[in-house]
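With the hints as constraints, model all of the structure from the sequences given.
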Amino acid sequence: MADNPEPETFRPACTIPACMNHVVLSALLPVMALILLGLGIGRARWLGPDMVRRLSTLAFMVLTPILLFRSMSRVHVEQLDLLPALVYALVLALVFGGVLYVQGVNRRAGVVAMAATYGNSVLIGIPLIDLVWGSTGLVTLFTLIPLHSLLLLTTATVVLEFAVARDHAAARPELVARLWVVALRSLRKALIHPVPLPIIAGLLFAQTGLVLPAWIDTPMFWLGKAFGPLALILVGVSLASSYVGRHLRGALAICLLKNLLVPVLACVLGWGFGMSGQPLAVMIVMAALPVGANAFLFSQRYGVAQETITASIAVSTALSAFTVSLAVLLLGG
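Under our numbering, the residues of the sequence shown are numbered 1 to 333, in order.
Keep in mind the hints are simulated off the structure, nothing from the lab. Careful, some of the hints might be misleading.
[Stated by the list, open to error] The list that follows gives simulated cross-link-like pairs (lysine to any residue, SDA-like), each with its CA atoms no further than 20 Å apart:
1) 225 <-> 86
2) 225 <-> 55
3) 225 <-> 57
4) 225 <-> 37
[Unchecked claim] Taking CB as the label site, the calculated pair distances span:
5) 57 <-> 97: 27 to 33 Å
6) 274 <-> 104: 32 to 38 Å
7) 272 <-> 51: 46 to 52 Å
8) 273 <-> 213: 24 to 30 Å
9) 136 <-> 213: 26 to 32 Å
10) 322 <-> 273: 24 to 30 Å
11) 216 <-> 136: 40 to 46 Å
Here the structure is a predicted model, which is why all the values come from computation and not from measurement. C-beta: ideal position from N, C-alpha, C; glycine also.
Written out as structure tokens, the structure reads:
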């Protein structure tokens, strides 16, 4: 996430397809570089599995809440064009719900569903949209990013907390018989979770019209910026201790959903709801972005499918050089 773009003078958008490769690669290469840096650190054994878990906890419990609160504290609902956000929410709900329907409501399905829908909207999406469509494209993107995080992170948290609570209740027949008790407990834990809580708090703060003072906002900005690079480096470190080949089938299944199904569904539903022009294009490119690092952090926190999710981030990022390029080529004009 990022601040709303500052007003700027007119500058011509990138010519398509002349600079398509430059635009896409300029957004993807830094992400791949950080993953490769983490891979080198992992191969050198500078960080062991225990340290990766500790740093993942730091990112999940400290950096993520700060990033989410600061970003959401700038979102004024009345200023947003809600049609792209509503259509995109429908796309995410269909894919996320479809994964749960096929695999059942369990921890693995929750993490896989998140990976299949949660894109790298900050590290790749923001620079990519800025290079192709400029500040007007960013305005549309910034209507999608808050909903993207609010919907997916909150839904994934509720599903995963419910699955954990249900697993714990399996040894207690009286709780299984009263499944609503498990549901209420998981919902309570989800609401005080370090992901939904700062999102809700940030949104409420934004509606007051108040602004964070600089002495608070600046360190929050620094810490929020540290989240993306740290998460991607940890993905690379984890990749060093796993073999993509062993998990390639599962990774490709996730990539099929994230890199292909989600953008195609966004295109079809966008047309169906009468969208056109730049809002439709930005929404489709947003849908085509590769798997985001938050999926890795969730898999680490809940101890499920870590290697598959790690492999899917690497494979999805590599495949997006082609799928995102195709989306920009078709829509960038």
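To see whether the hints hold, each was checked on the structure:
{"no.": "1", "hint": "225 <-> 86", "result": "28 Å, violated"}
{"no.": "2", "hint": "225 <-> 55", "result": "15 Å, holds"}
{"no.": "3", "hint": "225 <-> 57", "result": "17 Å, holds"}
{"no.": "4", "hint": "225 <-> 37", "result": "18 Å, holds"}
{"no.": "5", "hint": "57 <-> 97: 27 to 33 Å", "result": "29 Å, holds"}
{"no.": "6", "hint": "274 <-> 104: 32 to 38 Å", "result": "36 Å, holds"}
{"no.": "7", "hint": "272 <-> 51: 46 to 52 Å", "result": "48 Å, holds"}
{"no.": "8", "hint": "273 <-> 213: 24 to 30 Å", "result": "41 Å, violated"}
{"no.": "9", "hint": "136 <-> 213: 26 to 32 Å", "result": "30 Å, holds"}
{"no.": "10", "hint": "322 <-> 273: 24 to 30 Å", "result": "27 Å, holds"}
{"no.": "11", "hint": "216 <-> 136: 40 to 46 Å", "result": "31 Å, violated"}
In terms of the numbered hints stated before, the structure departs from hints 1, 8 and 11, listed from lowest to highest.
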